[in-house]
Every structure is written in structure tokens, then in C-alpha cells.
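On the provided structure of chain A, position chain B as indicated by the hints.
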Amino acid sequence: MFLIPSATVLGAVLIFPLGYAVYLSLFNYDLGAGIYQFIGLDNYAALLGESRFWGSLQRTVMIVVSAVTLEFTLGLLVAYGLYRLTFGVRTLNLLMFMPNVITPVVAALFLRWIFIGRWGLLSGILIGLGIFPPDFLGEPSWARFTVILADAWQFTPFMILVLYAGLNTVDQSQIEAAHVDGAGPWTLLFRIMIPGIRPLILFVLAIRIMDSFRFFDQIYVLTAGGPGSATETITMYTYALAFRLLQIGKASALGVMTLLLVAGAITGVIATLYRRERGAF
Amino acid sequence: MRPSPRTQIPLFLALCAFTAVTLTPVVWAIMTSFKRPVDAFAVPPTIIFTPTFEFHYQVWVEKAFWRFLINSAVVSICTVLISVSIGTMAAYGLARLRSTASRGVLFAILSMRMFPHILLAIPFFVLAKWLGLINTYPALILALIAINQPFTIWLMRSFFLDVPGELYEAAEIDGCGAWQVFARIGLPVVRPGLWVTALFSLLLAYNEFLLSLVLTGPDTKTLPVALAEYGAEDINYWTLSAAAAVGIMLPIVAFMMLMQRHLARGLAFGAVKG
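Each protein sequence line maps, in turn, to chains A and B.
In terms of this note's numbering, the first sequence opens at residue 1 and continues consecutively.
In terms of this note's numbering, the second sequence opens at residue 1001 and continues consecutively.
One chain only, chain A, in its complex shape (with noise of 0.2 Å):
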């Protein structure tokens, strides 16, 4: 009784709007040119027969899976780090979880300023070490770098909340048994602390990768995609398409097929991370 509320709203702005695309993707649906016409599976077909598309897909995972390794890595680096400190903790702990809470456009643009060719900081402090400072945001490998980088900036913090937090929930008595035996600070890491907190890890992985294969506002503000196609990401192209082009009825079907990605992907990490799990115990 208590869900009709939500449930009623969810089908309204959500399900439906959803049943809507996979609709609009069974149609050549051009806004611009004003055409309409159910053209079946032709959209996924063209999709799939192009090779802006591969390039995009190709982009977004190596993104995705540069970022969240990178963030996964050093979040829980510094997040063992804090664990171990023994005072500041907690300032420390707010004042490096400032850049997850800023708007994202806001962190492109704090970011872009630190990037950008010729007044950027970090330029300008190359140029100051006597460096010839690369194109951050203009030459297409440090591009891609630079969108990584933008991402592993805003969530990085992220992860060291959670996995912090998931730290101080391991049992002490084990902390402790292992400290008897002599285990050093790595050991204890790896043979106490990350299995102690593996379900947690599934779960930040998880989310992390749903999120950043939805990767937007960041690319939008700092590359808009380039240059050329460099950043473009599967999102990026869906937005160019149905934005620019005005192509819904394909744009419709490449978010179609994006969810699919996402959801094989997702299911894919956690059955994976699950059977290691069963050899390990």
C-alpha cells in the first residue's frame, strides 16, 4: 500500500519514458528533416555496422576501465593510509572529499583551467620549469589522459569514504590474531583487510562502473568529445546524435544498446569477483 505512491510516479517518469525509447528505436525518427518511419531492428543494424560506433565503445571502455582502476587503487591506498593514521583523520577526510560533492560542471571547469594550453596551471608551471608543456586538452592521447584523469579526480574521494568506512568494520580480534603472528601493515591489507571488506569492494566496483559508463558532464565541459573523436565515448555520441544530428530513432537505439552494455558489464564483474570468491574460502 505503501509503494502505490512511487511505484504510480516511477511507471510515469521512468518505465515508461524507457518503453518509450526502445519504441523510438524501432524508427528512422529524424527531427530535423521531419521523417517518421518504423524501419524494425535497422538502427542496432546500422549501429553495429559502423565504425564511429566501435571507435566509441572502444574509448569508453578503455576509459571506464583506466578510471576506476586508477580510483579503485589509490582510493584504497589512501583509505588504509587514514585507517592507520592516528590523528587528523577526520580533517583530513573532508577536506579531500571536497572534490565528490562539487557539481561536476563546476569540477570540468576548475579542472579545464588547470589544463588548458598556455594559461593553464599546470602549463604555466612546466613552462616554469623550463618544460615545453604538452597540449592537455587538444593533442588526442593526453586528451583521453586528461578526461581520466577529470574522472579519477571527482571520485576518487568516493572510494576512500566508502572503503574507509568499510575498513573500520573489519573485526579487531582478527586485526589483533594477525598482529600476534607478526604480519606487517601489507600483509595484514592483503590477507585481513580486503577480504574483510570484499562485499563492500563488489559494491563500489559496481557502482563505479555503472556510473562512469555514463560518464557526461566532465567530457562535455572539457573536450566536448574532441579533439576529432578522441574523448567521444558512447554517451557523447548518443548526446551528438540525438542533440545535434536529431537522429532520436538511432540515438534512441544506441542508449538501448548502451544499458545492455552496462548491465552484461556489471554482471559480468560481479559473477566474476563471486567465483574468485568461492575458490578463495
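Please note: incorrect hints may appear among the correct ones.
What the hints assert, rightly or not - Which chain B residues face chain A? A few, computed with CB under 7 Å, are given here:
| # | residue |
| --- | --- |
| 1 | P1025 |
| 2 | A1029 |
| 3 | F1041 |
| 4 | M1089 |
To be verified - A few chain B residues that don't get close to chain A, going by computed Cβ distances all over 10 Å:
| # | residue |
| --- | --- |
| 5 | F1034 |
| 6 | E1054 |
| 7 | V1061 |
| 8 | R1103 |
| 9 | G1104 |
| 10 | F1209 |
Said to hold, decoys possible - Pairwise CB distance ranges (calculated):
| # | chain 1 | residue 1 | chain 2 | residue 2 | range |
| --- | --- | --- | --- | --- | --- |
| 11 | B | R1191 | A | F132 | 56 to 62 Å |
| 12 | A | D42 | B | R1261 | 49 to 55 Å |
| 13 | B | V1253 | A | G40 | 33 to 39 Å |
| 14 | B | A1064 | A | V170 | 32 to 38 Å |
| 15 | A | A45 | B | S1085 | 43 to 49 Å |
| 16 | A | F87 | B | R1067 | 42 to 48 Å |
Hints listed in this document are in silico derivations from the structure and should not be mistaken for laboratory results.
Since the structure is predicted, the reported quantities are computational estimates derived from the model, not experimental observations.
Think of the CB as a built atom: it goes at the ideal place given N, C-alpha and C, for glycine as much as any other residue.
Chain B alone, transformed into the frame defined by chain A:
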């Protein structure tokens, strides 16, 4: 283990260094917003300069960014009011329903969180255009509720789960109806959680960009949309857009101070008990 200063001090310094690097872009932007263009464009970058409030004034008053602030406020507050009230009821229902059925529903809600916002933006855009709702508040508010709702339900549910079930059962034995138990027992007990949830969904709505970009027009533009348009234009507007960006960030810093204790729980979807 006794913490020895020999390991604690390097660890502390390393973490300070990490924090410093992390905060550099923020500090740099704040400094830029107080600089005149001469100082902002100096190579190598200047650290010492005479600060000016001129650009903060210009962007918020003369360039009328305050209008976008009003748009943002209207949209976010409406979203939160609707989303949290219906979400709280659903969360209560799910928390009391500790069965396999509720797990199914929860999983469905979680999977709603994962789908790409762009896939929601397209049908919303087409429908809103068809109904003439582009550049109005309701279209954006509805879209924001859609992405807000799963989050609200999950977080509120975690607060309801903290309440011992006996409390409700006692009320039921005393002859309270289902609705009364919710209003008299459930709600008052989770009131702090309600505030936390409301503030987090406010943050979510305030920060949202993609749907706002697609569904707003000149009259309803929210702050992130206005800023993205402005800041991406020309580097000559640098100090102005820095002033706008810093202004947009201020409420968030206040939010963070207020929510310190609840950050982990709120952002991790209630999965971590804070």
C-alpha cells in the same frame, strides 16, 4: 599495535600531500575568481595579487546569474519535496516487508539506478517537445524525480531498517492502523534520516546537468547549464566564470560541513552504516 611516530609522521605528510594536490584546482579557481585578467593570464602564474570582488559582483548581479540560482532552487526544491515524500512511504513499505518479494523490488530499484541518463533524456525531450513543455519547470522536475527516486528509496530504507521491528508491532497491538503506525511511529523515529535524505537528494538535483541541459531553455536554465555555456565560450571570460563557479560551489561546501557524519552513508546509497 602502538603507533610509532617513526611511521605516523611520514604517513601524515604523505596524506597531507595527497590532499594538497587534490585541492589545488579548487584553490586555484578561487584565486582566479579574485584576480584581474592581467593577473589571471600572467605566465608564469601569479600567487600574489590584489584581490577584487568586481567579477563576483559582475557575474551574479550584472550578468544576472541570480536568475539561474532561482531556477536551480525552484527545480531542486520541488524535486526533493515530491521525491522524498513518496520515496519515504515506499522505503517504509519495503523495510517492513522483510521477505523475498521486497528483495525483488529492491533489486529492480537498484537496476533503475544503473541505466544511462541519456536514455531517459531522449524520450523526455521528445515528449516534452510534443507537449510544449520544453523550457518549463515541470518537465525537468519530473525527469529529476525519475533519477532521484531510486536513491531516495534506498537511503530511506536503510534508516527505517535501523528501527527495531518491535516498536511497530507494539503499536499494532495497541490498535493502530497501518497508516497510523507509519505516521506516529515510523516517521518520528527516522526524522534525522529524513533530513539527511532530503539534503542528499537536493544535492543530486542541484548538481544535475545532462537532463537540465536538454530540457531547459532561456527562462529555466539551471546554474550548471548556464555556467557550462558561459565557461566554455571564451577564455576571456575566465575570471567571470571562475567567480560564477566559485559561487555555485559555496552552498555545496556548506552542505558538506553540515553532513560530515553522514557522507559515507548518503553517498554509498545507505550501504555503509555511518
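Structure-based check of each hint:
1. P1025: holds, 4 Å
2. A1029: holds, 5 Å
3. F1041: At about 6 Å, which falls below the 7 Å cut-off, the nearest Cβ of chain A leaves the hint on F1041 (chain B) intact, so it holds.
4. M1089: Result: holds, 4 Å to nearest chain A Cβ.
5. F1034: Non-interface label on F1034 (chain B) holds, nearest chain A Cβ at 14 Å vs cutoff 10 Å.
6. E1054: holds, 19 Å
7. V1061: holds, 20 Å
8. R1103: holds, 14 Å
9. G1104: holds, 12 Å
10. F1209: F1209 (chain B) is in fact no farther than 10 Å from some Cβ atom of chain A, at 4 Å.
11. B:R1191 with A:F132: 56 to 62 Å: holds, 59 Å
12. A:D42 with B:R1261: 49 to 55 Å: holds, 54 Å
13. B:V1253 with A:G40: 33 to 39 Å: Violated, since V1253 (chain B) and G40 (chain A) (Cβ atoms, about 52 Å apart) do not stay within the stated range.
14. B:A1064 with A:V170: 32 to 38 Å: violated, 53 Å
15. A:A45 with B:S1085: 43 to 49 Å: holds, 45 Å
16. A:F87 with B:R1067: 42 to 48 Å: holds, 46 Å
Violated hints, listed in ascending order, are 10, 13 and 14; each of the other numbered hints is respected by the structure.
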